[in-house]
Amino acid sequence: DAKTTQPPSMDCAEGRAANLPCNHSTISGNEYVYWYRQIHSQGPQYIIHGLKNNETNEMASLIITEDRKSSTLILPHATLRDTAVYYCIVRVGYGNKLVFGAGTILRVKS
Amino acid sequence: GAGVSQTPSNKVTEKGKYVELRCDPISGHTALYWYRQSLGQGPEFLIYFQGTGAADDSGLPNDRFFAVRPEGSVSTLKIQRTERGDSAVYLCASSLSGSLNTEAFFGQGTRLTVV
Numbered sequence: 755d756a757k758t759t760q761p762p763s764m765d766c767a768e769g770r771a772a773n774l775p776c777n778h779s780t781i782s783g784n785e786y787v788y789w790y791r792q793i794h795s796q797g798p799q800y801i802i803h804g805l806k807n808n809e810t811n812e813m814a815s816l817i818i819t820e821d822r823k824s825s826t827l828i829l830p831h832a833t834l835r836d837t838a839v840y841y842c843i844v845r846v847g848y849g850n851k852l853v854f855g856a857g858t859i860l861r862v863k864s
Numbered sequence: 617g618a619g620v621s622q623t624p625s626n627k628v629t630e631k632g633k634y635v636e637l638r639c640d641p642i643s644g645h646t647a648l649y650w651y652r653q654s655l656g657q658g659p660e661f662l663i664y665f666q667g668t669g670a671a672d673d674s675g676l677p678n679d680r681f682f683a684v685r686p687e688g689s690v691s692t693l694k695i696q697r698t699e700r701g702d703s704a705v706y707l708c709a710s711s712l713s714g715s716l717n718t719e720a721f722f723g724q725g726t727r728l729t730v731v
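In order, the protein sequence lines correspond to chains A and B. First residue of the first sequence: 755, per my numbering; consecutive thereafter. First residue of the second sequence: 617, per my numbering; consecutive thereafter.
Hints were generated in silico from the structure; no laboratory data involved. Accuracy of the hints is not assured; some may be wrong.
Unchecked claim - Here are some, though not all, of the chain B residues that point toward chain A, as calculated from beta-carbon distances under 10 Å: (1) VAL620; (2) GLN622; (3) GLN653; (4) GLY656; (5) GLY658; (6) PRO659; (7) PHE661; (8) ASN717; (9) GLU719; (10) ALA720; (11) PHE721; (12) PHE722; (13) GLN724; (14) ARG727.
Stated by the list, open to error - Computed cross-link-like contacts, EDC-like style, restricted to lysine to aspartate or glutamate with a CA-CA straight-line distance of at most 20 Å: (15) A:LYS757 x B:GLU719; (16) A:LYS757 x B:GLU660; (17) A:LYS806 x B:GLU719.
By construction, the Cβ of each residue, glycine as well, lies at the ideal position given by its N, Cα and C atoms.
Extracted from the complex, chain B is given alone in its bound form (with noise of 0.2 Å):
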């Protein structure tokens, strides 16, 4: 596709749930994040990937948090145990690297639903 994509656009899981949320980043770009939003509030750096790597992981919240991109493309956010607080939009964001001059295109976010 020609953007960044989310799956799914929305999910509701119960408090104690394992959640997977995919994100599919523009094609060719190296560099991928993570994000949450909580209703009215700005978006809340999480994780950064450059290629398969994560170059930065001082914005997960606690242990419970997790992101892998193995093949440097597709990434995915794990949540353990989920609890009614991690309920929020999350966003993903791709460049075509991670240099301060290219900016980061964003998909439309998966609202997380803890219930």
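Chain A extracted, bound-state conformation (with noise of 0.2 Å):
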């Protein structure tokens, strides 16, 4: 499986623009980058997802490079309700799991 790499925390200060970076250098062609995020102690929530050309919807937009081994979520407006882990996926195969790693733990502060 392709493995994804995240930096542990950010913080983000309310109102501005969170950029969530992640890197899958081991991607491979038909594999989708999916971002989800846990807020304590629900289950984890689906934000958006891509294959190579960036992709934009009501929660947030993904850039991917060019090359695909990295991308980064973006939050436009974070509000104090966006604080949650945030989880860079690379999802394999054929209906295959979502292999979850630590994720980033977003601290949005007012």
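Hints in hand, dock the two standalone chains.
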């Protein structure tokens, strides 16, 4: 399985953009990058996913480098409720598991 | 319901007992996943169902763990002879299909405590 590397923690000021990096240098051509987040005591929440093009939805934007070896999740206007653990995941194989790493603890501060 | 439902939300059992954890996926979702999460760690994959069959059970830690999905909807995770090390939050997720391009939605989990 492709592995991901994320910083263990980050801080962000409320109202500013939060940019969460992820390295996935061993990703293969058919593997998608997924982002989930987990707020304390809740199940993981889907945010966004992509293959090679940049993606945007109502929650966030996903920027994937041209060589696909890294990506950045952007929360355009972080709020206190965005404080959570953010997981960058490379999904491999047909229907296969999402392999979670340790994630990045994002702390949004007022 | 609108989301993945897991019952019970909390379960306390004695070491050596048998437990069953239930997952009701989103209606129409053919793929179902079980994970477990220990404190301070990311979720760890256990098993994946496509329809009624277990397509990947490589994450089950040993033969005390077993899961079924007899009608391709509700799934039950069964743990025999529970051990204190089995204490964790057990998460269930479902997705419309098993394709790589389909997001999975998680339930709130069952917190299992073995005393």
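Now for the hints, and whether the structure bears them out:
1. VAL620: Result: holds, 8 Å to nearest chain A Cβ.
2. GLN622: OK, holds: B:GLN622 within 10 Å of chain A, min 8 Å.
3. GLN653: holds, 8 Å
4. GLY656: It holds, given that the least Cβ distance between B:GLY656 and chain A is near 9 Å, below 10 Å.
5. GLY658: Status holds, d = 3 Å.
6. PRO659: holds, 5 Å
7. PHE661: holds, 4 Å
8. ASN717: holds, 6 Å
9. GLU719: This hint holds: B:GLU719 lies near chain A, its Cβ roughly 5 Å from the closest one there, short of 10 Å.
10. ALA720: It holds, given that the least Cβ distance between B:ALA720 and chain A is near 7 Å, below 10 Å.
11. PHE721: Result: holds, 6 Å to nearest chain A Cβ.
12. PHE722: Since chain A brings a Cβ to about 4 Å from B:PHE722, closer than 10 Å, the hint holds.
13. GLN724: holds, 5 Å
14. ARG727: Check passed: Cβ of B:ARG727 comes within 9 Å of chain A, closer than 10 Å.
15. A:LYS757 x B:GLU719: holds, 19 Å
16. A:LYS757 x B:GLU660: holds, 14 Å
17. A:LYS806 x B:GLU719: holds, 16 Å
Consistency with the previously given hints is maintained throughout, with no hint failing.
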